[in-house]
Amino acid sequence: MSNLVPLMLVPLIVWVAVWAYLYTLDGKVKRLEALAAKGDSGTEEDR
Amino acid sequence: MINSIHKIVKVLLLPLGCAVIAAGFLWLLPAKGFMNPALARIVVFHVPCSIVGLVATTVATWFSIAYLWKRRLSDDIKAFASFSWSLLFWILTTVTGSVFSKAQWGAYWSWDIKQGSILLLLMVFVAYFALRAAISDRRKAATIGAVYAIFALLAVPYLTLILPNSTPDTLHPKGTLEGGLDTRYNTVLWLDFLTVTLVYVWGFRLQVAIAEAGERLTARRRVPGGATVRVETMERRPLEEGAS
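Chains as they are written, first to last, in numbering that gives the first Met the number 0: chain A, 0 to 46; chain B, 0 to 243.
Rather than coming from a laboratory, the hints here were simulated on the basis of the structure. The reader is advised that the hints may include incorrect statements.
[As the list claims (entries may be wrong)] Just a few of them, taken from the derived set where beta-carbon distance is under 8 Å, the chain B residues facing chain A:
#1 8
#2 9
#3 17
#4 20
#5 202
#6 203
#7 208
#8 212
#9 215
These numbers were taken from a predicted model, which means no experiment stands behind them. The C-beta atom is built at its ideal place from N, Cα and C for all residues, glycine as well.
Same shape as in the complex, but just chain A (with noise of 0.2 Å):
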């Protein structure tokens, strides 16, 4: 069993870093949809 500590420590590590990138995506999504969601408001202001 201990000989598959190493081998555990790959597939935990890529999954730490998929979910450290999929949580810090979630907030530049966020922004952007702001960003997209002001402009659109700003459509309906210029009317």
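For chain A, the structure is supplied; the task is to place chain B on it using the hints.
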């Protein structure tokens, strides 16, 4: 309220994934009857990837049909996103299947009928992206991509279920989910299925949100003199709904 639940689920996904990986490697007992019993545990990661790949393909085809029906670009964006994720899960299925193949048959690739059919399936999926990339017109690419996606869904059950089961001359084990695994294996397998499904849903929503916001911003840039146009068939979503 819904945003808070989404946030809690996303945060809990990290320990859930870590627990599933740790359980898969340390809690499961080595599988008997394999050349490499320790490595055969990868079945608990292989099967969920293939199931979620099938689900993602079905979702992609659903949105493709919806696009052909209503011609909304938002449906095409969702179909493309789900197709991208299904390709990723089919690749993961192939890779984990190769490791399982090494554990059971001593070679990563044996040209078994199951391996040959998954290779064909990957080609069908890659062709979808090549086809779309070859068409510059946005609407045309969406329409042709949607028609192709429907044929791709028809290929999935044929290549993953009918063809490999048409002959007894296959190395791939059968009946894995019908009593072929013990309680520990079943527990880890279904927890992994939950994790992979949540990752798919999260990634799919993110990709759709990025593409939709990008479409809106690009459409505004196309008009000279300012931000005064809205994408023709894209319905506006409230910020609260999209920001979850």
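These are the hints, each one checked on the structure:
1. For the restraint placing residue 8(B) at the interface with chain A, the shortest Cβ-Cβ distance is roughly 12 Å, beyond the 8 Å limit, so the hint is violated.
2. At about 7 Å, the closest approach between the beta carbon of residue 9(B) and any beta carbon in chain A falls short of 8 Å, and the interface hint on this residue holds.
3. Interface restraint check: residue 17(B) against chain A, minimum CB-CB distance 6 Å, threshold 8 Å, status holds.
4. A hinted interface residue such as residue 20(B) counts as satisfied when its beta carbon comes closer than 8 Å to some beta carbon of chain A; here the least separation is about 5 Å, so the hint holds.
5. The interface hint given for residue 202(B) is met, as the beta carbon of that residue sits about 6 Å from the closest beta carbon of chain A, less than 8 Å.
6. Hint on residue 203(B) is violated. Least Cβ distance to chain A is approximately 11 Å, over the 8 Å limit.
7. For residue 208(B), the shortest C-beta to C-beta distance to chain A is roughly 5 Å, which falls under 8 Å, so the interface hint holds.
8. Hint status for residue 212(B) relative to chain A: holds, with the closest Cβ pair at about 4 Å, below 8 Å.
9. Annotation: interface hint on residue 215(B) holds; nearest CB of chain A at approximately 4 Å, less than 8 Å.
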